[in-house]
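Please model the complete structure; the sequences and the hints are all you need to start from.
Number of protein chains: 2
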Amino acid sequence: MSDNCFAPLVAHLADYTWQYLSDSENQLRWKTLVGGPEATTKGMSFGICELPPGARLPPHHHAEDEVYYVVEGNGEVLLDDKIVPVTSGSVLFVPGNLVHGARNDSEATLTLVWMFAVDRWSDVAYHGAERDL
Amino acid sequence: MSDNCFAPLVAHLADYTWQYLSDSENQLRWKTLVGGPEATTKGMSFGICELPPGARLPPHHHAEDEVYYVVEGNGEVLLDDKIVPVTSGSVLFVPGNLVHGARNDSEATLTLVWMFAVDRWSDVAYHGAERDL
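Protein sequence lines correspond, in order, to chains A and B.
Residue numbering for the first sequence follows the working numbering, starting at 1 and increasing by one per position.
Residue numbering for the second sequence follows the working numbering, starting at 1 and increasing by one per position.
Please keep in mind that the hints were generated in silico from the structure rather than gathered at the bench.
Here a beta-carbon is modelled for each residue, glycine too, at the ideal position from N, C-alpha and C.
The reader is advised that the hints may include incorrect statements.
What the hints assert, rightly or not - The calculated label-pair distances, taken between Cβ atoms and stated as ranges, are:
1) B:Thr87 / A:Thr40: 35 to 41 angstroms
2) B:Arg120 / A:His12: 29 to 35 angstroms
3) B:Glu38 / A:Val84: 34 to 40 angstroms
4) A:Leu21 / B:Pro53: 39 to 45 angstroms
5) B:Thr17 / A:Gly128: 36 to 42 angstroms
To be verified - To give an idea of the chain A side of the interface with chain B (calculated C-beta under 8 angstroms), a few residues:
6) Pro8
7) Ala11
8) Leu13
9) Ala14
10) Leu21
11) Ser90
This is how it looks when you write it as structure tokens:
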């Protein structure tokens, strides 16, 4: 009934493997749920990121705009030179090229979802930023 | 530090008003968090939808691809002529023009987030579909 050549995707968080930064002290982890390497989708990349207590999403920037939505927990997000508190229900639009990051100094995991309007998450070129967080 | 003329958005679910269908028996409700009528963002539209027990998201289609992610609860999603069970952590990519909908026959609220790669949610033209759900 669809004239779209892309098939629907029906999957679950549990179907994906967590990814970690190479910094073994940082327990940040994420899964790319839509737009990952084996995706049959297009136009959107979507994933989930967990920051356990003490974890950091190191400050970085990329050309693409990004949306964050906090699903659970509390933390702080860096936006350029500002630190903003976030909690379950917080939503952020991060314009392209703006330095951003996140930290969780609470005692519970901070969980957020992120999205880009790109076919593949690998289309997004991440650049680290020398910024304290 | 950004060469992007769009300012960051930092907001919270609680800052927005719930929207309802005109069908007063259907308690489905949603909030457009990114890409709503007063948005200063671009490229992505993102929102949250709650289906209390018994609620329906009536079958419909639109030209744009859509992503769903189930934040909480259990329910069923219609994709063309298939009904698929969803639960917290389910992720779906709904290709443009595919008929889809959702129902919650459980005893707890089903909460999902949705997104489109459009500047404004109002850019998406919804078309109802004659399909049982």
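Hints, one by one, checked against the model:
no. : hint                                   : in the structure
1   : B:Thr87 / A:Thr40: 35 to 41 angstroms  : violated (22 angstroms)
2   : B:Arg120 / A:His12: 29 to 35 angstroms : holds (30 angstroms)
3   : B:Glu38 / A:Val84: 34 to 40 angstroms  : violated (20 angstroms)
4   : A:Leu21 / B:Pro53: 39 to 45 angstroms  : holds (41 angstroms)
5   : B:Thr17 / A:Gly128: 36 to 42 angstroms : holds (39 angstroms)
6   : Pro8                                   : holds (5 angstroms)
7   : Ala11                                  : holds (5 angstroms)
8   : Leu13                                  : holds (3 angstroms)
9   : Ala14                                  : holds (6 angstroms)
10  : Leu21                                  : violated (22 angstroms)
11  : Ser90                                  : holds (5 angstroms)
Of the numbered hints listed earlier, those contradicted by the structure are 1, 3 and 10.
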